[in-house]
Amino acid sequence: MKKTIIALAAATALLGTGTAALADGHAKTKACFIYIGPTGDFGWTYQHDEGRKAVEAEFGDKVETAFLENVPESAEAQRPIEQFARSGCNIIFTTSFNYMDPTNKAAAKFPDVKFEHATGYKREHANVSTYSSKFYQGRYVQGQIAAKMSTTGVAGYIASFPIPEVVRGINAFILGAQSVNPDFSLKVVWVSTWFDPAKEADAAKALIDQGVDIITQHTDSTAAMQVAAERGIKAFGQASDMIKFGPETQLTAIIDDWAPQYIERVKAVMDGTWKQQDVWHGMDHGSVAMAPYTNMPDDVKAMAMETEAKIKANEFEPFTGPIMKQDGSEWLKDGEKADIGALLGMNFYVKGVDDKLPQ
Amino acid sequence: MDVWVSIILSVCAASTPLLLAATGELVVERSGVLNLGVEGMMIMGAVCAFAGAQLTGDPFVGALFGIVAGAAFSLLFAFLTLILVANQVATGLALTILGLGLSGMIGEGFVGQPGIKMERIDIPFLSDLPIIGQLVFGQDPIFYASIALVIAVWFFLFRSRKGLQLRAVGDSHSSAHALGIGVLKTRALAIVFGGACAGLAGAHLSLVYVPQWVEGMTAGRGWIALALVVFASWRPGRLIIGAYLFGAVNIAQFHMQAQGFGIPAQFLTSLPYITTIVVLVLIARNRRLTMINTPAALGQPFVPDR
Amino acid sequence: MRIELIKRADASPLFSIASPFIALLLTMIAGVIMFLLLGKDPATGLYTYFVQPLLDTWSLEQILVKATPLALIGIGLAVCFRSGNWNIGAEGQYLIGGAFGAALPVFLPGVDTWVLLPAMVLMGMLGGALYGAIPALLKTRFGANEILTSLMLVYVAQQLVDWLVRVPWRDPKGMGFPGTPSFPSGAQMPKLWQYADAHYGLVLAVVLAIIVWFVLSRTMKGFEIAVLGSSARAGRFAGFSARRMTIFAFCVSGALAGLAGIAEVSGTVGKLDDKLSLGYGFSAIIVAFLGRLNPLGCLAAAFVLALTYIGGENAQIAMGISDRATRVFQGLLLFFVLASDTLIQYQVRIVSTAARSA
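These protein sequence lines map, in sequence, to chains A, B and C.
Our numbering numbers the first residue of the first sequence as 834 and each following residue consecutively.
Our numbering numbers the first residue of the second sequence as 5 and each following residue consecutively.
Our numbering numbers the first residue of the third sequence as 30 and each following residue consecutively.
Chain A with its partners taken away, still in its complex shape:
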């Protein structure tokens, strides 16, 4: 069941001195991954693991990969990260926000190991990089589709935690929807979890009963898709293509494609060119992709593809004014683009969200 993780003989190698990867390619480069969920969640962790597999496929026997799944997002994470560093990993990807402090602490102890932390912002040591993707670009496209497809003019959003990344997604979605239908509104339910199918299903049911006819989510399971399928409404997949959970339900899905990023960074380690960086790639870099547009009329599909193409070509940015905050005050003037700081720390709703942001 478990994918071939490590070709290590057994225990002894674990604690031994790790083989340092040499730029001349004599030794294998070892890339290690820390996951928040199970690799089979068909959402966030699944996609990171796809990225890991892509690294293996790209470099063949020049690399060796390993992963730990279900690592709690807390100070607890530091031990497994250090264990990886001690076991000879050359580059370690820590793939959830709350691995931020443990990653930086471990980086201080292992200056020769490269650390790549997803979705964070702290780079306290020269051997820590951060990376993320502009998932919100895909949310904007989803919002546009939702406004076209909805008859009630209300969509439902199953949200996990009120952190900037999630708030950004909600805002981008409503902005996209309002670009099609200015009166469109959005109901949000916070489930306080990334992954709890029963709870996500209950939230989806409640939203549908409240009159929404499109469901989107920022949680990782496929439960909401299944509920939407059962109730005969449409929904968007999250993090990975969830079409097999709702063949007649999924409109599209935002697919996180980490493969280009992972291949690039592992290669940099091999070549000895790895440098600290902070990247926030979007559709232009291929790290945010849309699943095929399905279950919608051709004109909606055409609109979605056009928007996607514009974002990809950097001709359009969802957070461009005029944008009003939820209370009606102005946030961005006409034509003004949000600066990156405002996006990274976003903690307010834009107009049209029918919810009070928990804070």
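Rather than coming from a laboratory, the hints here were simulated on the basis of the structure.
Just so you know, these numbers come straight off a predicted model, no measurement behind them.
No residue lacks a Cβ here, since even glycine has one placed at the ideal position from N, Cα and C.
Some hints could be false.
[Said to hold, decoys possible] For the chain C half of the interface with chain B, some residues (derived, Cβ under 8 Å), not all of them:
(1) Asn174
(2) Val185
(3) Gln359
(4) Leu363
(5) Tyr375
Once you've looked at the hints, dock chains B and C against the given chain A.
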């Protein structure tokens, strides 16, 4: 009106696993045994039901797997507490811890697979009736099983000789033993019945509620079932009220959020648990009510003299 | 064939000591079977789980870090269980303890003196004790079942702490992410040595184990606990109050769980965040039983349990054995402990049915 029907259907779905597990536990406790391992048996039922359905392609076979798994798992508890006279509280906890781990291992290969849903029944014409059609004639088979089970358990406990014997064992095992009732046998059967019910409750989760296997998907429902038994003061009829009250609170929290009430989500999430505590206090305060129904020998081990 | 138990006149001293070891041995045997079923080499598996982490100082230190909260909570639970009270909600008391202690640096930003940490530790213990007192009072005042109320309070505590770190206590500079600001150095539990992960919480655990052991075995209070634990009626004849004992036991175990919480917050994490709850309160139940409800035994048991955690991670990295195996080990361990404990009070005989006289 349709909205209310679908809300009630959601409540039914949320309440059914609670009702099933609680009914089983009620019988166990009536026999004088406190099995805190409901959560563990439930999750074993959930994973085995899912595995059974995936392997055979039939959700009903899956449900059977779930029942058998729950019952088999409860045998461990029966062996430890009845034969080896181990502490019931601790053994129940062990059952829960082991169940959560073991189910994760069994289910490893099933994570992320779309499950086979046990469909709602559909009776031509009757299921299409307005309002009651869906509620009375259009739910999933396990829902009907849960209601039937409560009635059967009521009948068994209070209208049959065997039921009287079971209650006698729960009230005073020494007197029951003196009367020639097989105390250990009665308790063993009750425990296995409780396990089977918890297993079916788990099957409902992984075959009806969310047709998937997810680690830890019982998410504390087994513990709520235990609280429900006390809530119902060991009366089967009251279990239905309790289970549906809980299901309703559980669903209501999402509706309150979707309405945009602006109450912290954390407060709403903790509502069912706070409700349990309040109810436990209210029930316990009513001494008369509790005294009559509480199995007097609950939690006390029985070692036959020889 | 059937199993027959014969009650011993006195508890067997041999099995009192041997039973945890028998349980460990049985767990290992079950482990061999599990590894075989998983298609892994059992020898390597057991070595990775139970031996290898003991062989280098880094792993040993990690075990000690992990054992600290388990030992603290386990010792408190031992007192509670001995007195016949079932506190299943240590996880909640641990969380509230952490939050109470964290309140000081949160409400006194800029204050950084040596008094801060001792005050936080006391606050943590107070918070845990108060939260533990709730199920105790509900039991003594209203007769509500303490097993269920203490457990329900775990879920409430989880939500409460979650709310605290997301809303009122959230670090304004944390870009909207949950968690309090990082504590000043005066609010952090000092490490045992430079660059260590192990902190003084471990010392507290050892000291408290000795104190509690002394109280239980050498004082009147210990006798009272033992008498009330074996029979509330006997306790009444001796003039002890079961009600007061319930409150006492819950407050003690709550205080120790709260101490574990604040030790974890100030020693390991350095701030209060939304990821404090890791199930130590539940694992500590295994610790209490494996330690035979003896505080010193709990120390050893916490070490064994921590070993399974660290060994489990080793096994995941080196052999691809999933982390669920660790929980199976822990569940089995508790089962075997309970089963072996039977040997203390009873002689077990296997009788063939044919020979059995009615």
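Hints, one by one, checked against the model:
The restraint placing Asn174 (chain C) at the interface with chain B holds, with a minimum CB-CB distance near 6 Å, inside the 8 Å limit. Using the Cβ-Cβ criterion of 8 Å, the hint placing Val185 (chain C) at the interface with chain B is satisfied: the shortest such distance is roughly 5 Å. For Gln359 (chain C), the interface hint holds, the least distance from its beta-carbon to any beta-carbon of chain B being 6 Å, beneath 8 Å. Taking 8 Å as the C-beta cut-off, the interface hint given for Leu363 (chain C) holds, the closest approach to chain B being about 4 Å.
Residue-level restraint check for Tyr375 (chain C) holds (minimum Cβ-Cβ distance to chain B is 7 Å; threshold 8 Å).
In terms of the numbered hints stated before, the structure departs from none.
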